[in-house]
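Engineer: Let the hints inform the model, and build the full structure from the sequences given.
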Amino acid sequence: DVKVTQSSRYLVKRTGEKVFLECVQDMDHENMFWYRQDPGLGLRLIYFSYDVKMKEKGDIPEGYSVSREKKERFSLILESASTNQTSMYLCASSTGGGKETQYFGPGTRLLVL
Amino acid sequence: GQSLEQPSEVTAVEGAIVQINCTYQTSGFYGLSWYQQHDGGAPTFLSYNALDGLEETGRFSSFLSRSDSYGYLLLQELQMKDSASYFCAVAGTASKLTFGTGTRLQVTL
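As given, the protein sequences belong to chains D and X, one line each in that order.
Residue 47 in the working numbering is what sits at position 47 of the first sequence, and the numbering runs on without skipping anything.
One gets the working numbering by counting positions in the second sequence from 1 and adding 113 to each.
For the record, the hints were derived by calculation from the structure and aren't laboratory data.
Check the hints yourself; a few may be wrong.
[Said to hold, decoys possible] Okay, the calculated beta carbon distance ranges per label pair:
{"id": "1", "chain 1": "D", "residue 1": "Lys70", "chain 2": "X", "residue 2": "His151", "range": "40 to 50 Å"}
{"id": "2", "chain 1": "D", "residue 1": "Glu69", "chain 2": "X", "residue 2": "Glu168", "range": "34 to 44 Å"}
{"id": "3", "chain 1": "D", "residue 1": "Lys18", "chain 2": "X", "residue 2": "Leu164", "range": "42 to 52 Å"}
{"id": "4", "chain 1": "X", "residue 1": "Gly166", "chain 2": "D", "residue 2": "Ser7", "range": "40 to 50 Å"}
{"id": "5", "chain 1": "D", "residue 1": "Leu111", "chain 2": "X", "residue 2": "Ser116", "range": "38 to 48 Å"}
{"id": "6", "chain 1": "X", "residue 1": "Thr170", "chain 2": "D", "residue 2": "Asp28", "range": "17 to 27 Å"}
{"id": "7", "chain 1": "X", "residue 1": "Leu167", "chain 2": "D", "residue 2": "Tyr10", "range": "37 to 47 Å"}
{"id": "8", "chain 1": "X", "residue 1": "Ser140", "chain 2": "D", "residue 2": "Glu62", "range": "41 to 51 Å"}
{"id": "9", "chain 1": "D", "residue 1": "Glu56", "chain 2": "X", "residue 2": "Leu164", "range": "21 to 31 Å"}
{"id": "10", "chain 1": "X", "residue 1": "Thr221", "chain 2": "D", "residue 2": "Tyr10", "range": "46 to 56 Å"}
{"id": "11", "chain 1": "X", "residue 1": "Thr139", "chain 2": "D", "residue 2": "Asp38", "range": "21 to 31 Å"}
{"id": "12", "chain 1": "D", "residue 1": "Gly16", "chain 2": "X", "residue 2": "Gln192", "range": "46 to 56 Å"}
[Said to hold, decoys possible] Pulled a few chain X residues facing chain D out of the computed Cβ check, cut under 8 Å:
{"id": "13", "residue": "Tyr183"}
{"id": "14", "residue": "Phe200"}
{"id": "15", "residue": "Gly205"}
{"id": "16", "residue": "Ser208"}
{"id": "17", "residue": "Lys209"}
{"id": "18", "residue": "Phe212"}
{"id": "19", "residue": "Thr214"}
Even glycine gets a Cβ: it sits at the ideal position worked out from N, Cα and C.
Structural biologist: Here it is in structure tokens:
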């Protein structure tokens, strides 16, 4: 079974803090993705990566950065957390190249106070 | 860019058939996917259509018409456990998905 794990299920941070969300996949997938999910807005892509040290902006990258130093790990960084970044954050991975089955982690619910 | 439209909520009775529609506008198109998400859970893959027509997987089927920029997910013999949110997603490039806002399906007795 493909397994995508995220470092925390719940996280509470203060405005202005630097926040790291970690994601690890164990299936040697090339592609990794970070989404945020908000009620009524579906899943919106923040950043994605096709390979180690490679990243591309998604639809809503402002206020976020990412790091992919190893193939299995993709980190999302909130440089200075703000209350409008309170959300559910979902990581996903895929093999790429066609059918596009993305495998999701359990999500991190982040509350910024 | 990409945009997708699907109904926000659908209610159906256990044992019935329900169809969830999805229309899309896209600058590139590789295929249409469907994902299921139970409350508190992660989205899980259901189906993918790259070509026109119907794909069947057990009680679930998915249809695509590329000329109409339209697809649907058909759920038959509904069960209570099918109560969940269903998302259509367009693959606009080889690997990147754009998701719709989701349809919440409520199955009642």
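Engineer: Sort out which numbered hints this structure fails and list those numbers smallest first.
Structural biologist: 1, 5, 8, 10, 13, 15
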